[in-house]
Amino acid sequence: MKKIELQNRLATILILSLAALAALIAGGLVGYLLASGLPHVSWQFLTGSTKSFASGGGIFDQLFNSFYLVVLTLLVAVPLALLAAIYLSEYAKQGPVTTGLRLAIEVLSSLPSIVIGLFGYLIFVLQWRLDFSLLAGAMALTILNLPLLTRACEDALRQVPQLQRQAGLGLGMPKWRVTTKLVLPAALPGIITGAVLSAGRIFGEAAALIYTAGQSTIAVDYANWNPFAPTSFLNPLRPAETLAVHIWKVNTEGLVPDAAAVSSGAAAVLIITILIFNLAARGLGKLLARWLSR
Amino acid sequence: MKNWSNRLTGPSPESRCEAHGRWITRLALVVIAALVLSIIGFLLCRGSRLFLTGEGTLSAFLLGTNWDPGHQAFGAAPMIVTSLFVTLLAGLLALPLALAVALATTEILPRGAKRFLQPGIELLVGIPSVVYGLVGLTILVPLTRKLLGGTGFGLLTGAGVLFLMVMPTMTSMAIDALEAVPNQLRRASAGLGATRWQTIHRVVLPTARGGILTALIFGMARAFGEALAVQMVIGNAAVMPHGLGSSAATLTSVLTTGMGNTIMNTPENDALWSLALVLLLMSFLFNLATRLVSRKKG
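Taken in order, these protein sequences are the chains called A and B.
Position 285 (the first sequence) corresponds to 309 in the working numbering; numbering is contiguous.
Position 114 (the second sequence) corresponds to 107 in the working numbering; numbering is contiguous.
What the hints contain is simulated information worked out from the structure, not anything from laboratory work.
Treat each hint with caution, since some may be false.
Unchecked claim - A few chain A residues facing chain B, derived, Cβ under 7 Å:
#1 LEU30
#2 GLN31
#3 LEU48
#4 ALA50
#5 GLY52
#6 GLY55
#7 TRP67
#8 LEU104
#9 ILE110
#10 VAL131
#11 GLY192
#12 GLY194
#13 LEU195
#14 GLY224
Unchecked claim - Covered stretches of chain B (chain A as the covering partner; in silico rule of three or more C-beta atoms under 8 Å from a C-beta of chain A):
#15 35 to 43
#16 139 to 146
#17 167 to 177
#18 235 to 241
#19 252 to 264
Just so you know, even glycine gets a beta-carbon here, dropped at the ideal spot from N, CA and C.
Pulled out of the complex, with its shape left as it was, chain A reads as follows (with noise of 0.2 Å):
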């Protein structure tokens, strides 16, 4: 064999078992987590609450806080990450101005998680005296996703084809008539990928939480649907601690005997959610497409 041969021969029994060894970590990290989780998620952990000293403690507050804050958050954060895509991908002209906006949001998008838990802890729950709270944590978390919703929207805005602006601006729409009537129900189906996919972030983030939305839970009444009422479970402005900030908290500080079988088993919990989020995110993105196009 010649040595060029042998050479390429050798190169790619390298890269395959590099890659497998990277698909063996990937693969095994996966396998240990559902397979160390998975046991200890029962109903009674799904829907029972936290203990703070005894062993056998739920998850349930901490579920539901974190689904909360998803909601929450991407109430403020679409919008607003949607007007902006709105004016860059149809409005914006290439300039100095645009130029600088984009560069805001490139910051923004690289800016550590904990700088902007500090931020928010800085001026929500400091400054503007929300303690710690739901709504103070939806806001940290919202100044976190807007960068890369904004992208998201974006480019689902961009990827409707040039035509049909032209067809709508034809017939004597007005630019903002074709954005709302006809462009943006054709970016739909990527819009709603991209803040599926932010809800996943969202629902998993942690460190931009521990001083926003605080690391205790309080005893919230389930039946109270009033949001004005302190001890309502929909009252933005109780502290709460959501799932992945409980996993943290249990193996820093955590004094519950059982912490290693809680905060697996919240992992388990954790991970399996985070599929569901991407596996909706491309299905109802596929779904509304085709509905669309009906």
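We have chain A; now place chain B onto it with these hints.
Coordinates of chain B only, in the frame set by chain A:
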């Protein structure tokens, strides 16, 4: 009469709608830009307080190796060094593996492999960092304890967790970079009689160099800014590390543990904000590096 003239000569409801729409969308963008500016402004303001009040000097902060804020010692060098070292180690460990997976999927394995791998990579990218921290705590810490002795908490474990965390992201970006290489180049190379390795080594990798470097820098930026996963496994001793197994503390881990235990406007607290400012400036540097690398490519 006046009403009529207004209707005939004034702006139509449609054009008013148009103006409002343009105004609102621009406002949303300005709000985002204002947020970014205020984040930078507040951190600059808070972060420089330590030096402006005269409690500490910039050189003592950056070069001092003694971090004991309770006793007016604000040397941040141990944390800065640890952060940089852990990040670099994680990035350099992850790059070969990420590149190998990317090369295998784009150059060697059949097309179907990618469709099989993509959801897996996406899931791994989406796994929250605390879960990686948990894995570090339950697998890497005992493993390191066996390998290096000691407690198992320390530099190597921290780097290991970050390596696991950034590898999927870097892999996905490396795949994108390799896929951006035009197929004509591969065919031209094969047409000249080059083997697959020669094509990869002489044509594909040099062409995709910018994208691969971007993946490396992006992964390292993520690792540098990661807080909780590292904080769980690094041991949190704010001293200059002297070996791979020794306990240490990164900028982010000190911020995580310290911010809740200090009172606003005290020198201890100001020192923490200075650390946050260092973190901010480093993320700017990473951003700048990405820009330089991707500009060279184009």
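| query | For the segment 235 to 241 of chain B, do three or more residues have a beta carbon lying closer than 8 Å to a beta carbon of chain A? | reply | violated (count 0)
| field | Given hint GLY192/A near chain B, where the shortest CB pair must fall under 7 Å | value | At 13 Å from the nearest chain B Cβ, GLY192/A fails the 7 Å test, so the hint is violated.
| query | If you take the shortest Cβ to Cβ gap from ILE110/A to chain B, is it below 7 Å? | reply | holds, 5 Å
| Restraint satisfaction for LEU104/A [CB to CB of chain B, less than 7 Å] | Holds: closest Cβ of chain B sits about 5 Å from LEU104/A, inside 7 Å.
| message | Let's test the interface hint: is any C-beta of chain B closer than 7 Å to that of GLY55/A? | response | violated, 11 Å
| query | Can GLY52/A be said to touch chain B, with a Cβ gap under 7 Å? | reply | violated, 9 Å
| said: Interface hint check: ALA50/A, Cβ to nearest Cβ on chain B, cutoff 7 Å. Holds or violated? | reply: Holds, about 6 Å.
| field | Interface hint for LEU48/A, Cβ within 7 Å of any Cβ on chain B | value | Violated. Min distance 10 Å.
| query | Taking a Cβ-Cβ distance under 8 Å as contact, does the segment 35 to 43 of chain B have three or more residues in contact with chain A? | reply | holds (count 3)
| task | Tell me if TRP67/A is really an interface residue toward chain B, meaning its C-beta lies closer than 7 Å to one of theirs. | result | violated, 22 Å
| query | How about the segment 252 to 264 of chain B: do at least three of its residues have a C-beta closer than 8 Å to a C-beta of chain A? | reply | With 3 residues close enough to chain A, the hint holds.
| request: Double-check GLY194/A for me: the hint is only fine if its C-beta lies closer than 7 Å to a C-beta in chain B. | output: violated, 16 Å
Hint violations for this structure: numbers 1, 3, 5, 6, 7, 11, 12, 13, 16, 17 and 18, all remaining hints satisfied.
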